[in-house]
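Undergrad: Chain by chain, the residues:
Number of protein chains: 2
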Amino acid sequence: MSERLYAKLAVIGCGLIGSSVILAARAVGVVGRIAVYDASPAARGRIRELGFADDVADDPRDAVRGADLVIFATPPLSIGPAAAQVADVLKPGATVTDVGSVKAAVAEALGKVVPAGVFVIPGHPIAGAETSGPDAGFATLFRDRWTILTPRITDDPAYAEALARLTTFWEALGAHVDVMDERHHDLVLAVTSHLPHLIAYNIVGTAADLEEVTRGEVIKYSAGGFRDFTRIAASDPIMWRDVFLANKDAVLEILGRFTEDLQALSRAIRWGEGDKLQELFTRTREIRRGVIDAGQETAEPDFGRQRREPLV
Amino acid sequence: MSERLYAKLAVIGCGLIGSSVILAARAVGVVGRIAVYDASPAARGRIRELGFADDVADDPRDAVRGADLVIFATPPLSIGPAAAQVADVLKPGATVTDVGSVKAAVAEALGKVVPAGVFVIPGHPIAGAETSGPDAGFATLFRDRWTILTPRITDDPAYAEALARLTTFWEALGAHVDVMDERHHDLVLAVTSHLPHLIAYNIVGTAADLEEVTRGEVIKYSAGGFRDFTRIAASDPIMWRDVFLANKDAVLEILGRFTEDLQALSRAIRWGEGDKLQELFTRTREIRRGVIDAGQETAEPDFGRQRREPLV
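Line by line, the protein sequences give chains Y and V. Once you know that position 183 of the first sequence is 197 in my numbering, the rest is easy, because the numbers rise by one and skip nothing. Once you know that position 282 of the second sequence is 296 in my numbering, the rest is easy, because the numbers rise by one and skip nothing.
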């Protein structure tokens, strides 16, 4: 068990991430009482059945009252309104954070409604899955994953203390913590997460709409690469709608680069420029080696049916 | 052990698929002697060390001579030239097949050089991995995967017998076999495999070329979705160069559809049309359910670090 960091944790929004935070925090004992609120009455009922929180509130203000750490784990565009609803009951000296995939828009929204004397430290654990809802959570989700915090720049020692404590909290959950400017976070994530999701959603949509190839064929022969995209494109629709709307500028910038490059690749195929294709395909292998060297994934293939993901 | 189907098997090209065919055929005992040839002297040396073939020939003609089944497992554009090299030593009544991801171009190339009296039945096992070379093979690669055969249409009973035997061969290796028109195969695979690879190569290339985001950052924060693309984009460069050149028309057609759809999606983001985004992201979930229902992947998440592939 780790040191107790917060006497009371409140989690607002209890999907995959919210429930995983609760399970992980409980497992390592870094918080005392845990209160949770979810906007969906069905989800609240389910959380009561699962029994992993001390209090399941029907009003978010009841969950937040007296909490030392408040984590907003709702889709990005709901974080501001959710914070506004509870702003006047936030405990002075409490820390307010979130887990959204977009940081500049969330930081701005929180900054507008959270009163002085409460420490706003936006955050983003880079971990997840295509599953959602309170049943999806698991205590090891954040282990060996990066959590990025985007604190404001200040020489307030109390804020620095709050940041250090929140860092320790995430480390206790198994994460590595980085601190970053919120706009840079949004650009980095536009590349490593938002564009991959956009592309996956798009390719699955394109495949579903073809007339010459049936949906049954697409599914049947999906082991050739497509299947990986279907998994990504099964991610939570509302969360991802919010991500693209809240990080519009960075996503459109990166998408513009991607489209330019794709047009060049298309042209190389049309004109039979094999050397250009081979050069690119060889270069992209280096990045894969980087991913493996950085411990983001194993290089050792596993030959079990489900772990190995066969391509063509 | 299954019934012996071919007294001698020759495999030309011994990468991931070639070596897996040999290991799988040997494991179930459907062939007698196995001869292999690879254009790379280093690969031939390695195959001798691994010891999974009876004969490792330095001349493909020696491997093919007397073989009842000849499998070309080279990159698609090498199949025609490789077949031309051995055409005059093919045994009358033998079956010639291949494992290429493109079928119309390969069928045409084989049809031009293989003499009458030898049965050409192009094939494509939809299985693989991003690994390559003779060390990459494993006997269970084809288990519960589809193999598509694209035979010519004929009422020759000897050809029908050869097709039935080759079907039994793939089934003995654990595969399910479908028969399909070669042009339709190429269109289906353009959707389920070729476009996903093209997109993955492209996004990894785009990410590597950014100035504002370092390569180190891309790798470090790759768990948000990008990592899956790096795996696909680590596939064999020469094989994939050949796939795009040999299936140009179908790939460009499907790519055109994808690009149109992506432009519409980009526009929806720019204009903040959340409903359109949410509608697409909800629809793509259905395809995922189809993939799971069809047994192409498990719905049950596994919480081990390497099996679970966390997204944001």
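Everything labelled a hint here was simulated from the structure, so no lab data went into it. Keep in mind that a hint or two might mislead.
A pair counts as met if it fits within one copy or between any two copies, since identical chains are not told apart.
Unchecked claim - With a straight-line Cα cutoff of 27 Å, these simulated DSSO-like cross-link-like pairs (lysine-lysine) come out:
(1) K262 to K234
(2) K290 to K262
(3) K126 to K234
(4) K105 to K290
(5) K262 to K105
(6) K234 to K105
(7) K105 to K126
Undergrad: If a hint holds in the structure, say so; if it does not, say that too.
TA: Here is how each hint holds up against the structure:
no., hint, verdict
1, K262 to K234, "between (35 Å within a copy, 23 Å between copies)"
2, K290 to K262, "between (32 Å within a copy, 15 Å between copies)"
3, K126 to K234, "neither (50 Å within a copy, 32 Å between copies)"
4, K105 to K290, "neither (60 Å within a copy, 39 Å between copies)"
5, K262 to K105, "neither (33 Å within a copy, 63 Å between copies)"
6, K234 to K105, "neither (55 Å within a copy, 36 Å between copies)"
7, K105 to K126, "within (17 Å within a copy, 81 Å between copies)"
Against the hints set out earlier in the document, violations occur for numbers 3, 4, 5 and 6.
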